[in-house]
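Asker: Chains as they are written, first to last, in my numbering: chain A, 5 to 278; chain B, 965 to 1580; chain C, 14 to 339.
These are calculated hints, taken from the structure and not from any lab test.
We put the beta carbon where it would ideally sit given N, CA and C, even for glycine.
Not one of these hints is a red herring.
Far from chain B, some chain A residues (derived; all Cβ distances over 12 Å):
| # | residue |
| --- | --- |
| 1 | A12 |
| 2 | L29 |
| 3 | A35 |
| 4 | I40 |
| 5 | S52 |
| 6 | G69 |
| 7 | G89 |
| 8 | L93 |
| 9 | T97 |
| 10 | V104 |
| 11 | R160 |
| 12 | I241 |
| 13 | S245 |
| 14 | T260 |
Here are a few chain C residues that face chain A, going by a calculated C-beta distance under 8 Å:
| # | residue |
| --- | --- |
| 15 | L56 |
| 16 | T175 |
| 17 | V178 |
| 18 | V183 |
| 19 | S274 |
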Amino acid sequence: MTGRIFAALRTLPASGRIGLALVILWLLIAALGPVIAPHSPGAFVDESVFSGMSRELWLGTDYLGRDVLSRLLWGARYTVFLALGAAMLAVVTGTSLALVAAIRGGWIDEVLSRSMDTLTSIPSKIFALVLVAAFGSSLVLLLVIMAVIYVPGNFRIARALAVNLISLDFVQVARARGEGTAYIAWREILPNMIHPLMADMGLRFVFVVLLLSGLSFLGLGVQPPLADLGSLVRENISGLSEGASAIIVPAIAIATLTVGANLLIDALKPGARS
Amino acid sequence: MSVAGRDIAAKEIAVEVRGLDIAVHEASGNRIPIVRDISFAIPRGEVLALIGESGSGKTTIALALMGYSRFGADIAADVIRVGDMRIDKMSRSELTRVRGRRVSYIAQSAASGFNPSRTILSQVIEPLLVHRLADRKTAEARAVELFASLALPSPETIGSRYPHQVSGGQLQRVMVAMALITEPELVILDEPTTALDVTTQVEVLKTIKLAMKQSGATAIYVSHDLAVVAQVADRIAVLKDGTMCEEGSVEQILNAPASEYTRSLMAAAQPEARPDAQAAPDNVLTVSSITAGYGRIRDGMPAKPVLRDVSFSIRRGAALGVIGESGSGKSTLARVIAGLLPAAQGDVMLGDEVLPRAMARRSREQLRRVQIVFQHADTALNPAQTVREILARPLAFYHGLKGPAADARVAELLDLIQLPTDVLARRSSELSGGQKQRVNLARALAAEPDVLICDEVTSALDTVVAAAILDLIDDLRRNLGIATIFISHDISNAHAFCDDLLVLYAGSVVELVSRARFSEGLHHPYTRLLVDSVPEMDTGWLARRSAADAPAIARDAISPALCPFLPRCSQAIVGACDTEWPPRRERDGQSILCHRDWGELRPSGHGVQGRTTVMS
Amino acid sequence: MARSENSRPAWLRIAPLILYRFASSLLTLFLVSAVVFTISGLLPGDAAQELLGQSATPEQIAALRHEMGLDRSAPVRYFDWLTSIVTGDPGVSYVANMPVRDIIAQRLPNTLVLAGITAVISVILALVIGIVSAINRGGKIDRVLNIVTLSLVATPEFLVATLGVLIFSVKLLWLPSISLAPDEASWTETLRSLALPVLSLTFVVVAQMARMTRAAVVDQLERPYVEMARLKGVPFRRIVLFHVMPNAIGPVVNAMALSLSYLMGGALIVETIFNYPGLASLMVNAVTSRDMPLLQSCAMIFCGVYLAMMLVADVIAILANPRLRA
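Only chain A is shown next, with the shape it has when bound in the complex (with noise of 0.2 Å):
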């Protein structure tokens, strides 16, 4: 297995590189980032506020005068780790569902199937407004309302692989043999499932991570005093109209997460390298 993954990061092309790149980098932030950090993130530390990049404070002081990297290394961990366990939680119980759906069939898969197709017809970011506005947005419940808003589409993409496996001949094998509905499940469907549900969930991830990063910047998401990176271009909006880094850092950190996670993602694509 990690034979293969090697082989396979070998062969990656140079924009699957720097997506990996970005990926592994931004993990290391968000695990470190408080370690590193030069300043705490509440701290006052320069009498000027929007203040431009320097050599003490590297990408400038925000709109209280706070050090922006440090609020930055502070604030990845948030995004990256509410976005990894939503994307996690999404993909194990969109997945899980699937498979019971797509084995059982009948009744229980028609109305799995018709809830998950209502689900999937409000637009996430309005379906987040309206689970925010009912239940609140503690890191707790906005980590499973992003999940709940990712299941329905993970849902799918499983059902379909998992309907798609089931009509090949080696599940009709195995259920001639007389095996049960968990052997069939476990050992003949899902390693067959594992590549694609990986693709899926880095996808569900950069999406979690843009929606996120939107609701904070609506003011709806990570609320103060802690701050992730939307809340960092949320919070200096109004250094906009001066330019100033404060807002326009964290916005282009985002961006390379999500982007990389992206290109990453489409360079393991199989298919992809030839």
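For chain A, the structure is supplied; the task is to place chains B and C on it using the hints.
Answerer: Chains B and C alone, transformed into the frame defined by chain A:
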């Protein structure tokens, strides 16, 4: 050295290929040759057949004559000449002007070769229009003429249909019309009858042969089937792995093949009839009055019935061939016996034991005793599992074997199917087609079944590999005493390997016959049509074969109350066949579903049993 | 079989399909309304309590609950709510104390203008980009466009918008950064104020749309009938126009409709950044102020529009399918 053989030196050479090499470039920069040093020449108006198995490069070579290659492979040659054109020296725009005008192509699958959203006529006349050879009106008139000469029904109006509204055999003829409409010098036919049922193939083959003769075009006929090629070609080139084994006139290749490979191809295509098995007298499997299908079952009748009143039995160690064309219900029969599709009516009995219809209610022991080997080994093996995992599972599941005992048994199984032990660690994507089918078979054998159902297990394989698999199954069932059901569309193969044959037509058993009775040549009209439709490896077969008799009673649709074969039957009796369901006539070793009595049936002309002796 | 199909006129085969599709959309919309109401109307705590605050007496709260109809059973409240939405009078905004209908009537046209202009521009751009990459698939142009669209798909709307503001209004001073065009503004002023919002939205929507268009066209280009056409000597341009496009219409239109749903999400951010007085920014305000009647109405409008677009796309795909049309 002249590339053209001495026997054609005197004729005018219309097509000449010398030193043709075709290679694909991998992303890593490796250059992989797929065709090497091919040379041949075709006299004007003659047909050269390119014969070979998959991967032999036959289609690649044929397409090179249009300056076309798939997957960006590059074509290099000393000479590729068609008439006065040097294809190898042409630019892309020059090639565009040649394609479809002076060299045209007939694809294997007409169903996917036609654009689904445009009418047939607009596609047939397109070559005339894009090459500015005629105005629309003249072109349409020419197309209608061609439709008529290719014996297409209602030639005036068929053109206004869309491809999905026309049958496969007709669509293939429409494609011939499209290729011939510009009166090309060279026509390339790429397995034009391979996708068709055998009874349709004969008719299409005849029209193609006639049309080619009338047009006077030179042709290249790509095929894997020597018997088909024997009917239409003047010369044959035998290809293997991108190189040419031999080339010569049809008579020379068929009667005195020089290369070992050609001889093995011919042997594989003409299986020798095996002796009847020493089967025990007791029936191991009895199927009685099965009716099955899809959709909701009401009053014992499914919404879409596929099988109607199917009965047969099979003795321990015997082999039964189930024959039928696509859609006849032969795979459904396999699914019903295995319980994957519960029957609506009737019983399946294993020995004296009536099996529950649904698989879910059968015991593990009952399931073990009936095993299916599926048609497509590609999809029948889980791509995520190794061969070891695949084979070990039924051992653990049915026999509780684990650890060294299981390993020993897996090794035995590999021995049975004649594969080396180093395949154990591989996944199915790392096996060849033949190896996959062997593993597929071994998994069924691991259960130690009493009944083995082989569903078209060789139809996806090349002839030589398929013959080896059939031999293997034949040996195994004789040595292990497993009753075997061969499901097949190929009556000559089934006849060679099976003790009894069951012929299905539209879900009904029209004939059940023992090997001894089969050779007497007295058959149900449908079996007779099947037998007469199998091409023989003899250049005169198509010409000798009398035209298929027209149906005796014109009728469009099948009625569930009447004989399903009625719309195609040339021996139907007015007043009987069109009024009531046919009776089942029985005699020792044979039963048929027909209004005609034994004495009134027309015997088959030549036939499968003749085929095995023609070349001996 | 072919004959019996032909005996029925085409519309007789198509009409039931379209009706079925229409009914299915209506059912989905109905289910969506139930989801929206359950989440926003039933699950959260007591709206009366919240409006009156902690100091209110139980009697005051009970009175308000009665007045707002909160003391009735859930299904009754849902059907009342549904009726009010369907009849176009979804009650009074808690916060603005104005009929929701009037507030929306003010804002909706602005969003429709923004979305409409963006849709037209992006559809054209996406078709061009998608088809150009598809016919050059594997080539240099395709690879460059792939990386560009891949990156744009993952770019947050607010980055595009803030960069737009920085470049065009802060540095170049060409365009206003706020699009509060007064009612009596001239045509050119209105257009100038729309330029940045439209630009930002287009960037995000076009990438997704172009990628899906490319996929749909590539899928067709790899079919055997395209090879057959090449071997008939049909020029490539003609193959794309007369062979591929008729078959790609269905999937392409579907891709367009799916991507246009991104437009709504994008509008939330873009309208907020540019202070654009549209429905999306209204909805954001409704969330902040927990103005449920307003929020529910906005959500239903967005979902309704999305379902309507998918319906139109499906109908076009049905009409374009030769198996049904012939």
